[in-house]
Amino acid sequence: MNKNENSRPVRVREPITDTQLLITITVCIFFFMYILAMLIWGGGFRKPQMIFDILNDNAYLIIISCGLTVVMITGSIDISVGGVTALVAMADVMILSGHAGPFSGIPEKSRIVLAFCMALFIGLLYGLIQGYLIAYLEIQPFIITLAGMFFARGMITIISVDPQKAPQNLMDILQKRIEIPWLGSPNKKGVIIPARMEIGVVIALVIVALIFILLTRFRLGRHFYAVGGNRQSALMLGVNVKKTRFMAHLISGLLAGIAGFVFMMHTGAGNATNATAAEMNAIASSIIGGTLLTGGVGNVIGTLFGVLTLSTIKSIVTTSGLRDPWWQSITTGAMLCFFILLQSVVLMQKHKRSK
Amino acid sequence: MNKKKLFAFNSQLLIPVIAIVILVIFNLFRDPSFFSVSIASNNNGDPVLQGNLISILNGASELVILAMGMTLVTAACGGQDISVGALSAIAGSVFVKVLKSGGSISPGLVIGGFLCCCIVAMIFGAFNGTLVSVFGIQPMIATLILFTCGRSIAYWINGGATPTVTSPVITAIGGFIPGIPVPTPILIVILAACLFALLFRFTTLGLYIQSVGINQAASRLNGIHNVGIKLLSFIILGACCAVSGVIGVSRLGLINHETLLLNIEMDAILAVAIGGNSLGGGRFNMIGSVIGAYAIQMLTITLYAMKVPSTDVKAYKAVVIILLVVIGSPVVKEAAGRFWKKISEKGTAGTGKEAA
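Chains as they are written, first to last, in the working numbering: chain H, 1 to 355; chain L, 356 to 711.
Don't read these hints as lab results, they were simulated from the structure.
As the structure is a computational prediction, the values presented were derived from the model and not from experiment.
It is possible that part of the hints are untrue.
Unchecked claim - No more than 20 Å apart at the CA atoms, straight line, and that leaves these computed lysine to any residue pairs for SDA-like:
{"id": "1", "chain 1": "H", "residue 1": "Lys242", "chain 2": "L", "residue 2": "Pro685"}
{"id": "2", "chain 1": "H", "residue 1": "Lys242", "chain 2": "L", "residue 2": "Lys688"}
{"id": "3", "chain 1": "H", "residue 1": "Lys350", "chain 2": "H", "residue 2": "Gly229"}
Kindly generate the complete structure, drawing on both the sequences and the hints.
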């Protein structure tokens, strides 16, 4: 696996890195919060199904957050991911329902394969174009990906202004749930209902694992950290900075495409307002997970817990009886504020002490 | 001679001016009547100016004001405030709340409401600014907090309703003052621009902001209060949000927390970038941002005039933006410069002069 095996350094006990510290904080807070919710509100939170519900609803968010984490580690940003997700979902629904002109003659079952290929194609195309423009033409990533977001959102309404729905027989195949009987919980009649998990969650978790391996075990992954930490010194160490940044955006685009397919598997609907503000949720998740927007620090495991934390907050707000529509985002904002301040203070203290 | 020309070719205002020129030429070919401005009379019988140019200038008002504030924040902090839309919605809600508190809406109450929402918006701006300057958080992340919950706070202020306000004073702010044919938002923009011009002419704020943006450590050693300058830039942006929120509310006569100035933060950042300002902070050119904002609005109005459905406008806008930034990117500029040099070297002296 490791390409530079002969230059592996001798393992010494190193001081804890920023990445590890921030992840530890996030994971601790997540478990603290979840256990607190179990103790106070009980009910739903004590059932394992709750965690699977959160995963089912947010599988797509986990995937795009992984891509965003990679991009943020290289010190760049990609805010087109939400738009790409929605665009892919819309395109896939059109293919599945047979409305897409050239593909309407294809038998129903193979439409699913075609839809997945379409998702990969759109994602790759986005990654290629944005990556090229950002890495090789040195245009500010914020502007390019903002334009990318506008383009995706505009394309959705060009495809169809009205919401579209995928045919039910195909959705039955796509929404097949994986049942885990040993995590079941009894319902009101005492019948044990197994925990259900969607296929999208499996895809998301596999992607988290793959990206984790990429970031920790492969040369490209280390180059991401090097470029994000200090582009100038990475260049002097012989890292191909342009290629590394290009690859980061390619991965992000591809994952956004896959996220679109997973989103479509979950909802089965194509709509112009799909995945609204998903990019901001993904950025927020990455930040809560300990990725710094300045680059060089971050990990996907943290990002996974970032997504879980963010959605657990939302579940807590809805179960705790604050039913007014504004409380959900106000508490999310407050929690975000808390996390951001905590990270900032912890990092500040650490750097002060090390000096 | 040639070298000097090339240098001018690289100047900061290149992209926004090219954008405007391309749009003007395009519109001239498409439909020359696009530029006609006529005087019509509105419902009250007052003479008012009408035409696409006026609607561009009028419609871009909020964007221009926000872009001016955003330029300062970008220059000082090297990051962008993505909460301006939400903050404008909060300001608009406070404005309406104050107007609703009194019985009849008098000009005095409107001024009071404006001051109130200005103060509230400046406090929220200071909150953003504190996070950025004192705690050293990236601006985009710090303002993500208000971006997430700002519109909900606006909703909460008015107790979950979208109240309407009807008064001649409000119509005068959002539309026309009787007797003056120019839409009032344009006048407000001119006033704001004058204020900024005076601020930069008579104070050293502009210089300080640039110096903080270019090198924080060096400017601190030179006795500039980094934290204060960053905080101030956010507070100024807060005031800009209040002004644009009030304009936005007055245009419609109602506050809708969901749709008031929706996505304007993206357009404002775009205006700053198209204006040739580095999003990484440092030197800034406010005129560039203003021209950039008008270019964006002109593009939108042109697309509307071409009968593009309003939902599809974004896609075309994106293509134009990408083309613009590709033209303006350093690598393409360099390649164009090399190409230009090659041509002028190969060509005879005559063609060289012609080019010059």
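Going down the list of hints, with the structure as the test:
{"no.": "1", "hint": "Lys242/H x Pro685/L", "result": "15 Å, holds"}
{"no.": "2", "hint": "Lys242/H x Lys688/L", "result": "18 Å, holds"}
{"no.": "3", "hint": "Lys350/H x Gly229/H", "result": "18 Å, holds"}
In the structure shown, no violation is registered for any of the earlier numbered hints.
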